[in-house]
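Visitor: One letter stands for each residue in the lines below.
Protein chains: 4
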Amino acid sequence: MLKGLSKAGLGDVGDLMNFVQLTSKYKFEAIDIDGSSLIEMISSIGLERAKQFFQDHNVQIATFGLSVEWRKSEEEFIKGIKQLVLDAEAASALGCNSCTTYILPSTDYNAAQFMALATRRLRTCAQILGSYGIKLGLEFVGPHHLRTMWENPFIWTMEQTLDFIDAIGEKNVGLLVDAYHCYTTGVNYKDLTKLDVNQIVHVHINDAKAVPIEEVLDNDRLYPGEGVIDLVGFLQALKEIGYVGPVSQEVLTQQVLPESTELLLEKSAQAYATLYRAAGIE
Amino acid sequence: MLKGLSKAGLGDVGDLMNFVQLTSKYKFEAIDIDGSSLIEMISSIGLERAKQFFQDHNVQIATFGLSVEWRKSEEEFIKGIKQLVLDAEAASALGCNSCTTYILPSTDYNAAQFMALATRRLRTCAQILGSYGIKLGLEFVGPHHLRTMWENPFIWTMEQTLDFIDAIGEKNVGLLVDAYHCYTTGVNYKDLTKLDVNQIVHVHINDAKAVPIEEVLDNDRLYPGEGVIDLVGFLQALKEIGYVGPVSQEVLTQQVLPESTELLLEKSAQAYATLYRAAGIE
Amino acid sequence: MLKGLSKAGLGDVGDLMNFVQLTSKYKFEAIDIDGSSLIEMISSIGLERAKQFFQDHNVQIATFGLSVEWRKSEEEFIKGIKQLVLDAEAASALGCNSCTTYILPSTDYNAAQFMALATRRLRTCAQILGSYGIKLGLEFVGPHHLRTMWENPFIWTMEQTLDFIDAIGEKNVGLLVDAYHCYTTGVNYKDLTKLDVNQIVHVHINDAKAVPIEEVLDNDRLYPGEGVIDLVGFLQALKEIGYVGPVSQEVLTQQVLPESTELLLEKSAQAYATLYRAAGIE
Amino acid sequence: MLKGLSKAGLGDVGDLMNFVQLTSKYKFEAIDIDGSSLIEMISSIGLERAKQFFQDHNVQIATFGLSVEWRKSEEEFIKGIKQLVLDAEAASALGCNSCTTYILPSTDYNAAQFMALATRRLRTCAQILGSYGIKLGLEFVGPHHLRTMWENPFIWTMEQTLDFIDAIGEKNVGLLVDAYHCYTTGVNYKDLTKLDVNQIVHVHINDAKAVPIEEVLDNDRLYPGEGVIDLVGFLQALKEIGYVGPVSQEVLTQQVLPESTELLLEKSAQAYATLYRAAGIE
Numbered sequence: 632m633l634k635g636l637s638k639a640g641l642g643d644v645g646d647l648m649n650f651v652q653l654t655s656k657y658k659f660e661a662i663d664i665d666g667s668s669l670i671e672m673i674s675s676i677g678l679e680r681a682k683q684f685f686q687d688h689n690v691q692i693a694t695f696g697l698s699v700e701w702r703k704s705e706e707e708f709i710k711g712i713k714q715l716v717l718d719a720e721a722a723s724a725l726g727c728n729s730c731t732t733y734i735l736p737s738t739d740y741n742a743a744q745f746m747a748l749a750t751r752r753l754r755t756c757a758q759i760l761g762s763y764g765i766k767l768g769l770e771f772v773g774p775h776h777l778r779t780m781w782e783n784p785f786i787w788t789m790e791q792t793l794d795f796i797d798a799i800g801e802k803n804v805g806l807l808v809d810a811y812h813c814y815t816t817g818v819n820y821k822d823l824t825k826l827d828v829n830q831i832v833h834v835h836i837n838d839a840k841a842v843p844i845e846e847v848l849d850n851d852r853l854y855p856g857e858g859v860i861d862l863v864g865f866l867q868a869l870k871e872i873g874y875v876g877p878v879s880q881e882v883l884t885q886q887v888l889p890e891s892t893e894l895l896l897e898k899s900a901q902a903y904a905t906l907y908r909a910a911g912i913e
Numbered sequence: 632m633l634k635g636l637s638k639a640g641l642g643d644v645g646d647l648m649n650f651v652q653l654t655s656k657y658k659f660e661a662i663d664i665d666g667s668s669l670i671e672m673i674s675s676i677g678l679e680r681a682k683q684f685f686q687d688h689n690v691q692i693a694t695f696g697l698s699v700e701w702r703k704s705e706e707e708f709i710k711g712i713k714q715l716v717l718d719a720e721a722a723s724a725l726g727c728n729s730c731t732t733y734i735l736p737s738t739d740y741n742a743a744q745f746m747a748l749a750t751r752r753l754r755t756c757a758q759i760l761g762s763y764g765i766k767l768g769l770e771f772v773g774p775h776h777l778r779t780m781w782e783n784p785f786i787w788t789m790e791q792t793l794d795f796i797d798a799i800g801e802k803n804v805g806l807l808v809d810a811y812h813c814y815t816t817g818v819n820y821k822d823l824t825k826l827d828v829n830q831i832v833h834v835h836i837n838d839a840k841a842v843p844i845e846e847v848l849d850n851d852r853l854y855p856g857e858g859v860i861d862l863v864g865f866l867q868a869l870k871e872i873g874y875v876g877p878v879s880q881e882v883l884t885q886q887v888l889p890e891s892t893e894l895l896l897e898k899s900a901q902a903y904a905t906l907y908r909a910a911g912i913e
Numbered sequence: 632m633l634k635g636l637s638k639a640g641l642g643d644v645g646d647l648m649n650f651v652q653l654t655s656k657y658k659f660e661a662i663d664i665d666g667s668s669l670i671e672m673i674s675s676i677g678l679e680r681a682k683q684f685f686q687d688h689n690v691q692i693a694t695f696g697l698s699v700e701w702r703k704s705e706e707e708f709i710k711g712i713k714q715l716v717l718d719a720e721a722a723s724a725l726g727c728n729s730c731t732t733y734i735l736p737s738t739d740y741n742a743a744q745f746m747a748l749a750t751r752r753l754r755t756c757a758q759i760l761g762s763y764g765i766k767l768g769l770e771f772v773g774p775h776h777l778r779t780m781w782e783n784p785f786i787w788t789m790e791q792t793l794d795f796i797d798a799i800g801e802k803n804v805g806l807l808v809d810a811y812h813c814y815t816t817g818v819n820y821k822d823l824t825k826l827d828v829n830q831i832v833h834v835h836i837n838d839a840k841a842v843p844i845e846e847v848l849d850n851d852r853l854y855p856g857e858g859v860i861d862l863v864g865f866l867q868a869l870k871e872i873g874y875v876g877p878v879s880q881e882v883l884t885q886q887v888l889p890e891s892t893e894l895l896l897e898k899s900a901q902a903y904a905t906l907y908r909a910a911g912i913e
Numbered sequence: 632m633l634k635g636l637s638k639a640g641l642g643d644v645g646d647l648m649n650f651v652q653l654t655s656k657y658k659f660e661a662i663d664i665d666g667s668s669l670i671e672m673i674s675s676i677g678l679e680r681a682k683q684f685f686q687d688h689n690v691q692i693a694t695f696g697l698s699v700e701w702r703k704s705e706e707e708f709i710k711g712i713k714q715l716v717l718d719a720e721a722a723s724a725l726g727c728n729s730c731t732t733y734i735l736p737s738t739d740y741n742a743a744q745f746m747a748l749a750t751r752r753l754r755t756c757a758q759i760l761g762s763y764g765i766k767l768g769l770e771f772v773g774p775h776h777l778r779t780m781w782e783n784p785f786i787w788t789m790e791q792t793l794d795f796i797d798a799i800g801e802k803n804v805g806l807l808v809d810a811y812h813c814y815t816t817g818v819n820y821k822d823l824t825k826l827d828v829n830q831i832v833h834v835h836i837n838d839a840k841a842v843p844i845e846e847v848l849d850n851d852r853l854y855p856g857e858g859v860i861d862l863v864g865f866l867q868a869l870k871e872i873g874y875v876g877p878v879s880q881e882v883l884t885q886q887v888l889p890e891s892t893e894l895l896l897e898k899s900a901q902a903y904a905t906l907y908r909a910a911g912i913e
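Residue numbers (my numbering), protein chains in the order written: chain A, 632 to 913; chain B, 632 to 913; chain C, 632 to 913; chain D, 632 to 913.
Honestly, I wouldn't trust all of these hints.
For chains that are exact copies, the list does not tell them apart, and a pair is met inside one copy or across any two.
[To be verified] Cut-off 20 Å, straight-line C-alpha distance, at most; resulting in silico cross-link-like pairs (DMTMM-like, lysine to aspartate or glutamate):
1) Lys658 - Glu893
2) Lys825 - Glu871
3) Lys682 - Glu706
4) Lys682 - Glu897
5) Lys710 - Glu679
These are computed hints drawn from the structure, not numbers from a lab.
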């Protein structure tokens, strides 16, 4: 499994090229990034040099975020399609075949109707991504406080998300499995090993504070290894089913952390090394 | 538009052949029926004689009800697929190209997850029906009391149902438009004329008592023309967009009506004649 | 039915705005155009003024040509997706909901494999177009000489094209029915009236020289009314099934015609008037 | 990988229960069978006893043949859907999640149109199978003499079959990879290792006579290990990409072989043991 980074919780990592250099310096192998940064980099130094830059630093693009606004009005949705195509073209040119988005666990819309709309809209996104050979990963979001943040409960479990994926019905749609959301929804080792590896598009790891699960906040995450989640078991389950893709940390925090970016990266690199070793991952 | 009958509210119409004879006697031209009755008739008198019988009586099969249980467990759903195929084969052999089901406006399941499941299941049904050249019509159900009969609100408006149809994503899925449900959800003449005629799979007419709309009960319907619904406007809207298919009455009542079946049919035939004339339908 | 023009056979019609003015001057109501011209017009005078310009001239955009290269390499196909999205966005902003492409009746590829590739590629195009509410019309191409122009026979009949559309399997895909191709493939009045009107995305009319059908050349067309095709019957069949969309002329010729553009437009306007009158079209 | 048997080339293996007993006796672990035999067994001894019987003999159902006639008229195709559902229900009840069919490399139909028809028909089959959790495997057929047996060339390579699968567009459709057809179409070790394991639904092994590849006949196969195909390399490639499903022999021969069924099974069991050992498969 590739060690991956997102920008979350790292402080100021600079522009994309700087972020890649930092990623490389601390022996991470992949990044989660937005499509706009990729487009900007290509337009700034050209596609060939951009490819070379990633290659020289031994860094891959793990995934890019779905920029389309599929949670609001039809008008906003349609407006976003062009950007999706631009993102997909740039990402695919740079060898990335994964795009991801998260599902908020409540909504101000009628939940059933919103599921119908979301199914059709994400199908359209998946179809467009599919034409570039890109998969779409859906991230279920577990923290309990978000389940009542908007008027109506939507979905937040892995099983519901798999039903959502079936409703979408496109072969390039799968899960983004995040350890934080597994923890807050009670997904255990055994649940994970029941997955077929090709149902997984991307993986996130984070850690949680030692508070009752119902009180775990979405934007109050710890660095891997600093909290109470059994990340070794999590990684072992993924290993057992043959997952070899990227595992990116995404440490959403309420305030910018006081440590320097480089210190945080060093800490994280050590945590990954420890976890991978404990999980028997080369 | 073809004048159609369902068995609802007619008392005992006997077996299918008797029902067809009664339908014919009162100059109705189409019936809503279940697939099992069709299979039974074919197995009893043979396909060719069954076809001839319908033809001799100038009666068509407007639609058959979807027998698959798509609202409960996955196991029950899968068990019903075989019967669906048998129904579809029989119906299609008898020249029927329409199957319909209704959507209850509330559910004990998580509404969003149930929409995901329902989308996938009705897609499967639509695909199977499609292989026999049969359309699937979804009936939104308007009465307010049903919106809280089960734990979570589901969907009940025409617009939501069109979103559901889009989520299913199969080209042979459309609406069953029922005047009673249009009345109880506020669908007016103008809303109906915005539809493309090929979005309509089937039409029901009924009438409603003069009580506040919020108090209209699903199983307390009146014969067409006896209540407060503007059925002439309803039919005119359908005419305006070019609908020429069947319009079946479906008079769900709390008790069996005291009148004889033949009296009820005569009353209904006169009501249809009056309505069609007023709506300018030949 | 709207009287429509394509640029073919009209000589130099100038830029898009000039073409719209000419279209309007001769009482035509719709144009077939490429997406790039629409994008250019919007970027030149702005979307609102562009919409106003079309409205002021009482001209609609009947259809825009599919710019994606779906007949060659996968690489070329994918490269074209971005332009398709730009075209679709521009067209839909200007109220156009139709995109069309033609099917060459022979191919240098293995015909079966090419059908598989074309099915998948046009499905992708249809899905993208569908997200903008745009239909995709496929034009079968009849002239016999093209059936052997490339190594392997592909498809050229209406029935084959309907099978192709079924293989694509998207609900927004239908036919572009061209009188010239109906003539050269023997599609008669009765065949046309068997279509459901929503299977037709767009219509072309042209006329053919009085030579044996096998010798009719694709780029040797006559103006409507000048040749041997029964265009009145063609239009009557379309009228009978309820077609009310655009009917565009597309007069492909081997040389630029000697008459001036305005003379050609006047001739065509008269021909349309005569044909429409004879076919009983208002 | 499971050692599997089909009935081909084994002489008279008796009824299904007898075949299972023989399979078990020679330590094979899976069988390729037709759905009708499964239905018959269930109707004869009941589902629970049937399941127990397979379990007691440590034999799985590797795959059942697609009984629908998708290569001829539309009427025949539709007639077969009912049987497909019955087959799928029986197979799925017995724990089988794979159905397979072969693609003849030439056809009397227009090849492109037939591809369109086949795409739509196999999509319908895949959708029905999918509702039972069953995959559909397509077997490309390599022997050269079959490429000209019917009027028009169809498809016979793995790459073409993958394009066909993409055209069908359902997520439960993949390849049946047969060593004989790989040999006769030049699919090598490297080609196989480029596959994603979830693209493979089933695997066949057979061996070929030492004649020029162009002269290899479809129904003149040898037992694994008796011919010239590099089956060790074939199995190693499958192992490399993580294939762990059944590998069934299917020895089509021109005459019934002179050896007894048990002798043939013993020979085959030894051949499998040798091959698996050589390929490093436990």
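Visitor: Next, verify each hint and record whether it holds.
Guide: Hints, verified against the model:
1. Lys658 - Glu893: within (12 Å within a copy, 59 Å between copies)
2. Lys825 - Glu871: within (10 Å within a copy, 22 Å between copies)
3. Lys682 - Glu706: between (35 Å within a copy, 18 Å between copies)
4. Lys682 - Glu897: Close neither inside one copy (26 Å) nor across copies (56 Å); limit 20 Å.
5. Lys710 - Glu679: Between copies only: 17 Å across, 30 Å inside.
Checked against the numbered hints above, the structure breaks only hint 4 and satisfies the rest.
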